[in-house]
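Colleague: Residue numbers (the UniProt record's numbering), protein chains in the order written: chain A, 1 to 297; chain B, 1 to 322.
Think of the hints as simulated: they come from the structure by calculation, not from any bench. A portion of the hints provided could be inaccurate.
Said to hold, decoys possible - Dumping the calculated DSBU-like pairs for lysine-lysine here, alpha-carbon to alpha-carbon at most 30 angstroms:
1. K294(A) to K14(B)
2. K294(A) to K69(B)
3. K171(B) to K69(B)
What the hints assert, rightly or not - A partial selection of chain B residues facing chain A, derived with a Cβ cut-off under 7 angstroms:
4. P26
5. L48
6. D51
7. Y65
8. D66
9. D70
10. P71
11. L72
12. G83
13. N101
14. L117
15. R147
16. G177
17. R178
From a predicted model like this one, the values you see are computed outputs, not experimental measurements. The beta-carbon is built from N, C-alpha and C at its ideal position, and this holds for glycine as well.
As a plain string of letters, each chain reads:
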Amino acid sequence: MSTPQPPMPQSAAAEWPAAPGAAPSAPAPAYPTYTSPIPVVRTHLGHALASEWTKIRSVRSTMWTLGVLVALVVGIGLLTGLVIANADPDLGGESPLSLGFFGLLLGSMCLITLGVLTTASEYGTGMIRTTMVACPSRGRVLAAKALVFFLVAFVVTLVCASVVGLLHVSLLEGYNASEPTGGEWLKGTVGVSLYLALLGTLSLAVGSIVRHSAGAITIMIALVLAPLVIALFMFSPSLSDVQQALFEYSIPNQMSIFYANSLSESGPSGWDPLWIMLVAAGAALGAAFALLRKRDV
Amino acid sequence: MIELEGLTKRYGEKVAVDNLTFTVRPGIVTGFLGPNGAGKSTTMRMILGLDHPTAGDVRVDGTHYDRLKDPLTDIGALLEAKGVHPGRSAYNHLLWLAQSNGIPERRVREVLDEVGLTAVARKKAKGFSLGMGQRLGIAAALLGDPRILMFDEPVNGLDPEGIHWIRTLMKSLAEQGRTVFVSSHLMSEMALTADHLVVIGQGRLLADTSMAEFIRRNSRSYVRVRTPQREALLDALHRAGVTAVDGADGTLEVDGTPAEAIGELAARDGVVLHELSPQQASLEEAFMQLTAESVEYHAHTGAPLPPQQQQQQQWGESWRKG
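Take the sequences, apply the hints, and build the full model.
Modeller: So this is what it looks like as structure tokens:
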């Protein structure tokens with residue numbers, strides 16, 4: 001619609017006379033029209049990604065949740081490493097990487113919070129309307145949010161898991177710990193980081209569905225903790241199958257599979273937890289997208 | 001240009017916007033007037049594709065809003081809910097908006113300068129006063145230098161200097177050939193800025209007319225007369241073919257005859273006058289009359305609701321709609 005004109009500041013544009021029919025591509029409009037000197041751009045996902053990146057880095061809550069994540073994972077990793085090394089243990093050929101599990105289990109709460117806040121907080125402030133006015137393609141908004149969050153969560157978790165892994169291997173050298181293989185390194189760093197980033201993305205989708213930060217965070221924490229807790233109180237033998245399944249598919253147990261120290265012998269193994277979480281996050285994003293299209297903002 | 005065609009929005013049983021059809025044209029300021037809860041904000045949200053219409057259609061420059069490729073350069077909007085994250089700085093708020101539409105970053109500094117927020121650009125939005133928040137919202141609307149501007153209650157919370165600034169800004173934007181659509185519940189505010197007027201009440205279109213036409217039609221002028229010799233004056237007026245109606249406090253009101261003529265008629269018969277004053281019914285009264293009728297029309301009760309009750313009913317409706 002716009003003619004290619006040199007970019008001019010608004011003050012100069014304001015002095016432009018209202019030229020009737022200024023847009024040459026328009027079929028001789030009957031009314032005066034205004035043509036902006038700003039070049040017209042066809043927006044795409046890249047613009048939405050840049051926009052969401054600015055959003056996520058320019059609020060304090062991102063720094064808080066990721067800061068606490070780093071502090072928990074590295075802090076707890078360092079403490080466990082030091083305590084065990086001081087006790088002069090015999091690890092009996094165990095991989096030292098598995099010690100990183102505790103820090104990451106707690107750290108998952110931070111990723112859940114940040115994931116939920118990425119979507120749900122916009123409903124609390126009313127900013128979602130500004131967002132949807134700027135980008136009317138609702139699917140694009142959700143995709144950009146999910147991608148930016150996933151990458152941020154993955155990179156931060158990967159760095160933390162790798163630092164803690166290296167720390168444990170060097171601290172526990174010579175205590176009969178096994179030297180982790182390449183496959184074990186891959187699962188204990190990239191694998192578990194992908195898993196947690198997907199858990200955060202699931203939270204992001206739940207935040208978009210629930211549209212309420214506290215509600216969505218509560219749902220997600222319950223999802224992580226409830227199966228284990230419920231299984232603990234299933235004393236009846238008739239429920240033992242259910243109890244077993246709750247144990248095996250609980251999120252903490254799925255995480256521990258990345259360190260090959262599952263709480264149970266049957267159930268998911270290898271890379272299974274990653275695929276399970278991928279399907280769960282994908283389904284939740286699909287539901288979030290369908291609702292986002294249908295509902296009023 | 002914004003075109004509405006039979007636009008309707010229902011929330012369950014309640015009709016918020018009822019079959020609205022009108023066009024907002026470029027080059028002038030169009031006022032969108034209605035009492036609180038009349039459906040102004042709902043209509044604006046439907047224009048912006050935020051709410052889905054139950055029926056009807058709305059187009060922005062001939063296109064549905066969700067088909068616009070870089071909407072901020074087509075239409076800039078200041079919505080009632082400010083839509084700013086309290087923890088984000090004014091600069092970053094405008095930056096993400098600019099990035100989402102591929103608008104160059106220098107525009108952020110330009111609009112901040114234009115609305116006078118440069119000094120607080122790096123401050124968090126939660127520290128902003130109501131007026132500063134309103135200015136930030138206007139900066140966001142101006143960011144894409146759009147052909148269409150839409151302001152929902154822009155003068156809310158502004159001081160007199162800010163109100164004057166908004167009025168001048170809206171007029172100059174319209175003079176540049178842009179479409180300016182501004183909502184308000186204050187007739188007096190519209191009378192000062194709008195060239196065209198769209199009035200709604202209970203979601204229905206009550207008037208779609210030029211401001212001059214609205215003033216001509218609705219500002220009734222009459223002469224108020226007070227006299228101790230009521231019958232004598234009525235006789236004198238009657239003989240001259242002038243009719244008077246009873247006004248408040250035992251006064252008489254005469255339409256369509258200048259005060260001078262009434263004075264001379266009274267003097268000819270030696271009638272004593274205690275008051276003879278030309279009166280002008282305010283536009284605010286005309287507006288209230290217009291919208292009050294729509295409330296009565298909907299209530300279907302014989303007696304009109306007392307004003308207090310109307311107020312509460314409308315207030316409650318706006319709250320339910322959020």
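Colleague: Are the hints correct? Go through all of them and say.
Modeller: Hints, one by one, checked against the model:
no.	hint	result
1	K294(A) to K14(B)	holds (20 angstroms)
2	K294(A) to K69(B)	holds (21 angstroms)
3	K171(B) to K69(B)	holds (28 angstroms)
4	P26	holds (5 angstroms)
5	L48	holds (5 angstroms)
6	D51	holds (4 angstroms)
7	Y65	holds (6 angstroms)
8	D66	holds (4 angstroms)
9	D70	holds (5 angstroms)
10	P71	holds (6 angstroms)
11	L72	holds (6 angstroms)
12	G83	holds (4 angstroms)
13	N101	holds (6 angstroms)
14	L117	violated (14 angstroms)
15	R147	holds (5 angstroms)
16	G177	holds (3 angstroms)
17	R178	holds (4 angstroms)
Hint 14 alone, counting from the list given before, is not met by this structure.
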